[in-house]
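Engineer: Take a look at the letters that make up each chain.
2 protein chains.
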Amino acid sequence: MGNIKTGIVMMNLGGPANLDEVEPFLLELFADREIIQLPFQRWLGPYIARRRTPKVKGLYASIGGGSPILRYTEAQGRGMVERLDRLSPETAPHQFYVAFRYVRPKSEDALRAMQADGVKRAVAFTQYPQFSCSTTGSSLNELWRAAGRTGLRDTFEWSIIDRWPVNDGFIEAMTETVREGLHGFAPAERDQVLLLFSAHSLPLDVIDRGDAYPQEVGASVQRVVERLDAPNRYLLAYQSDVGPVRWLGPSTEQVIRRLGARGEKKVLVVPIAFTSDHIETLSELDREYGEVAHRVGITEFRRAPALNERTRFLDALADLVHRHLQSGERHSTQYPLNCAGCSNPQCRNILNPVAGTPAPRRGVMRASV
Amino acid sequence: MGNIKTGIVMMNLGGPANLDEVEPFLLELFADREIIQLPFQRWLGPYIARRRTPKVKGLYASIGGGSPILRYTEAQGRGMVERLDRLSPETAPHQFYVAFRYVRPKSEDALRAMQADGVKRAVAFTQYPQFSCSTTGSSLNELWRAAGRTGLRDTFEWSIIDRWPVNDGFIEAMTETVREGLHGFAPAERDQVLLLFSAHSLPLDVIDRGDAYPQEVGASVQRVVERLDAPNRYLLAYQSDVGPVRWLGPSTEQVIRRLGARGEKKVLVVPIAFTSDHIETLSELDREYGEVAHRVGITEFRRAPALNERTRFLDALADLVHRHLQSGERHSTQYPLNCAGCSNPQCRNILNPVAGTPAPRRGVMRASV
Numbered sequence: 001m002g003n004i005k006t007g008i009v010m011m012n013l014g015g016p017a018n019l020d021e022v023e024p025f026l027l028e029l030f031a032d033r034e035i036i037q038l039p040f041q042r043w044l045g046p047y048i049a050r051r052r053t054p055k056v057k058g059l060y061a062s063i064g065g066g067s068p069i070l071r072y073t074e075a076q077g078r079g080m081v082e083r084l085d086r087l088s089p090e091t092a093p094h095q096f097y098v099a100f101r102y103v104r105p106k107s108e109d110a111l112r113a114m115q116a117d118g119v120k121r122a123v124a125f126t127q128y129p130q131f132s133c134s135t136t137g138s139s140l141n142e143l144w145r146a147a148g149r150t151g152l153r154d155t156f157e158w159s160i161i162d163r164w165p166v167n168d169g170f171i172e173a174m175t176e177t178v179r180e181g182l183h184g185f186a187p188a189e190r191d192q193v194l195l196l197f198s199a200h201s202l203p204l205d206v207i208d209r210g211d212a213y214p215q216e217v218g219a220s221v222q223r224v225v226e227r228l229d230a231p232n233r234y235l236l237a238y239q240s241d242v243g244p245v246r247w248l249g250p251s252t253e254q255v256i257r258r259l260g261a262r263g264e265k266k267v268l269v270v271p272i273a274f275t276s277d278h279i280e281t282l283s284e285l286d287r288e289y290g291e292v293a294h295r296v297g298i299t300e301f302r303r304a305p306a307l308n309e310r311t312r313f314l315d316a317l318a319d320l321v322h323r324h325l326q327s328g329e330r331h332s333t334q335y336p337l338n339c340a341g342c343s344n345p346q347c348r349n350i351l352n353p354v355a356g357t358p359a360p361r362r363g364v365m366r367a368s369v
Numbered sequence: 001m002g003n004i005k006t007g008i009v010m011m012n013l014g015g016p017a018n019l020d021e022v023e024p025f026l027l028e029l030f031a032d033r034e035i036i037q038l039p040f041q042r043w044l045g046p047y048i049a050r051r052r053t054p055k056v057k058g059l060y061a062s063i064g065g066g067s068p069i070l071r072y073t074e075a076q077g078r079g080m081v082e083r084l085d086r087l088s089p090e091t092a093p094h095q096f097y098v099a100f101r102y103v104r105p106k107s108e109d110a111l112r113a114m115q116a117d118g119v120k121r122a123v124a125f126t127q128y129p130q131f132s133c134s135t136t137g138s139s140l141n142e143l144w145r146a147a148g149r150t151g152l153r154d155t156f157e158w159s160i161i162d163r164w165p166v167n168d169g170f171i172e173a174m175t176e177t178v179r180e181g182l183h184g185f186a187p188a189e190r191d192q193v194l195l196l197f198s199a200h201s202l203p204l205d206v207i208d209r210g211d212a213y214p215q216e217v218g219a220s221v222q223r224v225v226e227r228l229d230a231p232n233r234y235l236l237a238y239q240s241d242v243g244p245v246r247w248l249g250p251s252t253e254q255v256i257r258r259l260g261a262r263g264e265k266k267v268l269v270v271p272i273a274f275t276s277d278h279i280e281t282l283s284e285l286d287r288e289y290g291e292v293a294h295r296v297g298i299t300e301f302r303r304a305p306a307l308n309e310r311t312r313f314l315d316a317l318a319d320l321v322h323r324h325l326q327s328g329e330r331h332s333t334q335y336p337l338n339c340a341g342c343s344n345p346q347c348r349n350i351l352n353p354v355a356g357t358p359a360p361r362r363g364v365m366r367a368s369v
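Sequence lines, in order, name chains A and B.
In terms of the working numbering, the first sequence is residues 1 to 369.
In terms of the working numbering, the second sequence is residues 1 to 369.
Okay, chain A solo, but in the shape it has when bound (with noise of 0.2 Å):
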């Protein structure tokens, strides 16, 4: 039995460390359907997940082998423990534990891993900024799943970090990852690059149910360019829509079609809802759409750096927590509101929750903003 105080569970899609990977990933990510609704979706999930296979494969053998997402993840939790145990001795020691939705460590892992270390308090920290259901939703809920499956529904006094899409320390981290991509470019030509703004579309009738995340995403859109301060144009588009089914708009591929045809040579995108790289940065923005932007005449296409382990962001994950864990709150105001259109019963849960404040009270400084 250990002694770990507090357990921050770092909750991510995550992503297949190797290529043997590649297909159980895409299994598990098909027969979500709190991400994908299919008809027939226990037939139609794995024929679409296998048939998907060798394309996606090929994909992460050109990144490498596979997703560093893991690594990164682990990186942004070392940074942060360390940190916060400097921070709020009275909480330590901390310890993080990964729980990726669709490979391993999954939820099971890393409650597990908990009850070995003889944590009591837990924090279900998500890590992406923006709330969506078909995100952050998806894995709080196959968390407390998970705490039924391995018998672990009492073991552990909760409270979630459900968004923080205009955190100062994730505005100030992102805002520096612009910096940096700027810096790219020669100094007299910087400030008419175009700043492109890109974040994981989502199905329309996902947007048509009330998800929060496309007005999320527009506030640390907002935020970021208020905090960069320069003359630098920007756009927000929507990325990675597949399918037959209409996506949020405009696709970022389908921007950059047009912003080449209409004469647009320097453009810098920006992952906007990432955390870590992953196959949507290496592969989709650098290779893909870098493919596309060269075709239609944009000479310089670059990307800002995803956050991964810059300082600034592990600065920013601890003070969340920090905020978070003084504040008392079990999770934001907005959490248990549901999508207007939600048929989900799972959905806006918190197992067992800590004592304390049900929500943020007024006039306490709230972690997520």
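Calculated from the structure, these hints are not laboratory results.
Mixed in with the good hints, there may be bad ones.
[What the hints assert, rightly or not] Here are some chain A residues the structure puts well away from chain B; computed CB gaps all over 10 Å: (1) 18; (2) 71; (3) 89; (4) 311.
[Claimed, not checked] Computed, partial: chain B to chain A, Cβ under 8 Å: (5) 215; (6) 219; (7) 221; (8) 232; (9) 233; (10) 259; (11) 333; (12) 337.
A virtual CB, placed ideally from N, CA and C, is assigned to each residue, including glycine.
Fit chain B to the given chain A structure using the hints.
Structural biologist: Frame of chain A; chain B shown alone:
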């Protein structure tokens, strides 16, 4: 010849002042290809306008026989100009000129009045806080065309205030309306009230072109919620979609239906993208959606007041123009950026711009933020 030193053109949609103006208003609206694109527009536009006239007349009859938007715009203009004369004696005297898009006073009226007043320095000041090509874009394009039609292309030196989604004074005034709205509920129940921010929707084709509107609306909502610093849950929806094409969701009306079905009892709707009461607040939100809310079991459905003649909003308008004049900027950084999918060569022009910086410089406090 008057002695006005600075003319401020307040651009807005406008609305019929009386029932006789309803048909001409709709005819102009459905003729504007910058807001609605119809096949065979020269025939289909008037056909739809005339067919809708009786219904829309009925709506205006129910709110007192006409739109109050001119009255409010004039009150806002007077308050703004009075403050500006005090704040900025070096650019005084100031005068405001209303330029509505689809009813008089139109751009021509504003330009001719400015000429009569001897104005040389002119500011085109959108009254839509968040930029869309369908609103501010259309108004500006029309303003430049009207200058051509009236032979006043070289009479004024122009700059533009093209957006102010997170302007401090605007956010403060908007937050004040939310606080007042909340005070309509019993103190013990106030924290349980759901805030339903509502903005006019746009067809998805406009969104997919890359219109800035949803990003900026999302940013406004976030800022108001932060300023409010209250435990209320909130969501953002889009109202007034019409016709067969798909619009940006979630739809305010559908959200109200679904909130009712989910047992939500107390809702405060907050118009986040309008500055004055008009048909969309007084008729659509208050009456139409109010009846829907009642039918679906929302027992208390209230609306935050529009900004109208609120002192803090008059302060905000004056402060916006003052900072803009001080900055020497011609327009926001964003203004020259056409939508990625733009095919309108008129867009993003500025006529006879004032000498000075083409756009805000790095490190200069921008009026727009």
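Engineer: Tell me the hint numbers this structure goes against, listed in increasing order.
Structural biologist: Failing hints: none at all.
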